[in-house]
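Asks: Each chain, written out:
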Amino acid sequence: MSGHGNNERVFARLTKSERIQHVILFTSTTLLIITGFMLMGEDWVVRMLGPTGKSIFYWRGIVHRIAAVAVSVVCFYHLFYVLFKTTGKSWIRDMLPRLKDGVDAYQNVMYMMGLRKERPKLDRFTYLEKLEYFSVYFGMFIVISTGTMMWTQSYWPKFYLDVADALHVGEATLAALAIIVGHIFAVHYNPHVYPMNRAFIDGNISETLMKEEHSLWYERLIAEEVSKPANTPEGGHGNA
Amino acid sequence: MQQSREYKPAIGQRRREGVWRYLLGIAIATAMSTMMSPAFASSPGFAATPDDLAASPGLLNQEEDAAPVVKAQAEVAKGQDGCFLCHKYSGLGRYEKDAKNRIVKRIFYVNEDMHRASYHGRLNCSDCHEGVDKIPHTDAKKVDCGKTCHLTDPSTGKRFSHKDIVKDLEKSAHGAKGSASGEEQSDLPACRDCHTNKPYLLGVQQQMKSKAFTEICHQCHEESAWIQRFLSHINYRLSMRRPSSEVVRLCSKCHANPDMMARHKLDVVVGFLDTFHGKAIQFGDEEVANCLNCHAPYALGFSPHRITSRKKDNSPVNAANKRETCAQANCHAAATQEFATGSKAHPSLVKSTLLVKEGDSGGTATTKLVQVDEALQAKILHWIRLFYQILIAAVVLGLGGHRLLDLYAMYRDTKRGGH
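Protein chains in written order, with our numbering: chain A, 1 to 240; chain B, 1 to 419.
Hint data in this document are derived by calculation from the structure and do not stem from the laboratory.
Just so we're clear, the structure is a prediction, and the values are computed from it rather than from any experiment.
A hint or two may mislead.
Stated by the list, open to error - Under the rule of at most 25 Å between Cα atoms (straight-line distance), these lysine-lysine pairs were calculated in the DSS-like manner:
#1 B/K265 - B/K311
#2 B/K415 - A/K117
#3 B/K415 - A/K211
#4 B/K311 - A/K121
Bound conformation, chain A alone:
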């Protein structure tokens, strides 16, 4: 929160529905990662559990399945949300990749390496955010489909299950590591927002952070505000 005053103007970043989706997504993903990687543990770690290991193993499976259902429901709801809800449609419109993202990525890397004077002006969703967002689509497609196969294992040939298992484990490892080096950094360790970006709680983004990370979006919102001052559809709501 360095330099972000308490009386600073804020803009709406996430709607209530989006925040609820996010909470369900990250709690169940955390549970899925913990209960899933318990199967990858070294045997000496597992043996340390002793006689309690059996019930831990039992609950591991139950929790993994409950979290899997929760994450699947939220994923399918999100598809419905971006296809049919007004806020969802605006979300996916801004999220779709375009040529500018490639240019942004190139220019940003050049700036970070000191080969360019200015950072590129980024819109509502930056190229990294878009990459993360669509990685979740890809990842969820893999883990939900292979997970369903393994849950209904009796109906599949053994080799398909082996393939499903390899994909499930690979995708889960990729997702877990990508969340740590990608998302956790962006919203927690990033010096702009440390210790955390509060947008997932209150849905707001400060003016300072807007200027730093989404300057193009900021300029667009201000321009819209100037042209029609009252009832801006997605603009800020005055001083907090």
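Position chain B against the provided structure of chain A, taking the given hints into account.
Replies: The following block gives chain B in isolation, referenced to the frame of chain A:
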């Protein structure tokens, strides 16, 4: 000399495990060395010769005149064999060379209490160790588990013997007659490679010694030693024989040994502990399949002593029978033929192309042969894993590098006083 091969794994096992396993290892080793150690056949104070005992009713006989015999035998059981005169000393042992010229440690110490608490605690040394008349015991014969014992089977009154099991084992994949490998017969397991004459569950036995527990037995039966033994036997037979983790370790002793498997042209089992069954067993779950639940399922009438090659028609892991094996005891009740066949339940080091017999959905065998290219399957799985390894490396290095670069840029900006 021959016993040393059986003895070695017990030492190796002790090293790997913790204190509890160490103590159990000592108990097992002691019990085993009891069986191995040569004994005096005739010694002062020996109450009855084996023949006398054989002619008389056994411990479990319900005839009226059984009581004196029981008492006589109980006295024998108190160690009048004379072997413990020497074998009670814990230092008794020596180093010697085995058949393969390796130096092995032989321990001849026998803990008498431990032996008496074991399954064979009613037997005296000489009942199994025959022809031990000289000191040193140069005339000792190898213990034969298939010999006719002097104890009687209470259901028939006949003399008791393990010889049917020994015969079954000989015909099985592990036996001299049933094994496909003619050479290297010395690799084949003997009784004592799997059975170690363990003590009965000590906690339960302690409970049984309490008067209240056995009071109801005493209303009809007099001899408390007999009652305890009977209860221990029933309790042992009703409870689980071995935890799954022990079964896996036991089979792996040979089947995960690449040299031994190469000698017998068998696949080395390497991947079982990475399967879901293997993971669950590591957590202590006894509900999932261990080696024996598929290769010799009791629920389907198979026995570990009659285990056969998967290529034989009557094997529970033959492709024609696999579906039924997976569906046993509601494990995978809805298992289809496709689920059960087409790939192995656990991967092996050697990837070969197999010809398997396919059954129809009803489980009856058809003659249709399906070629399962294990090598191709292994390659496909390898490619998937490789794809993810590369992708993970690229994503982590790419994202991580980008974030580090970003940190550097922010630091640079702060120093310049930019933001």
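Asks: Hinted pair, alpha-carbon criterion (25 Å max): B/K415, A/K211. Please report holds or violated.
Replies: holds, 19 Å
Asks: Take a quick look at whether B/K311 and A/K121 sit within 25 Å of each other, Cα to Cα.
Replies: Since the Cα atoms of B/K311 and A/K121 sit roughly 69 Å apart, the hinted pair is violated (cutoff 25 Å).
Asks: Between B/K415 and A/K117, is the straight-line Cα distance small enough, at 25 Å or below?
Replies: Measuring from Cα to Cα gives roughly 15 Å; hence the hint holds.
Asks: Between B/K265 and B/K311, is the straight-line Cα distance small enough, at 25 Å or below?
Replies: Status holds; Cα separation ~13 Å.
Hint 4 from the list above is the single one not met by this structure.
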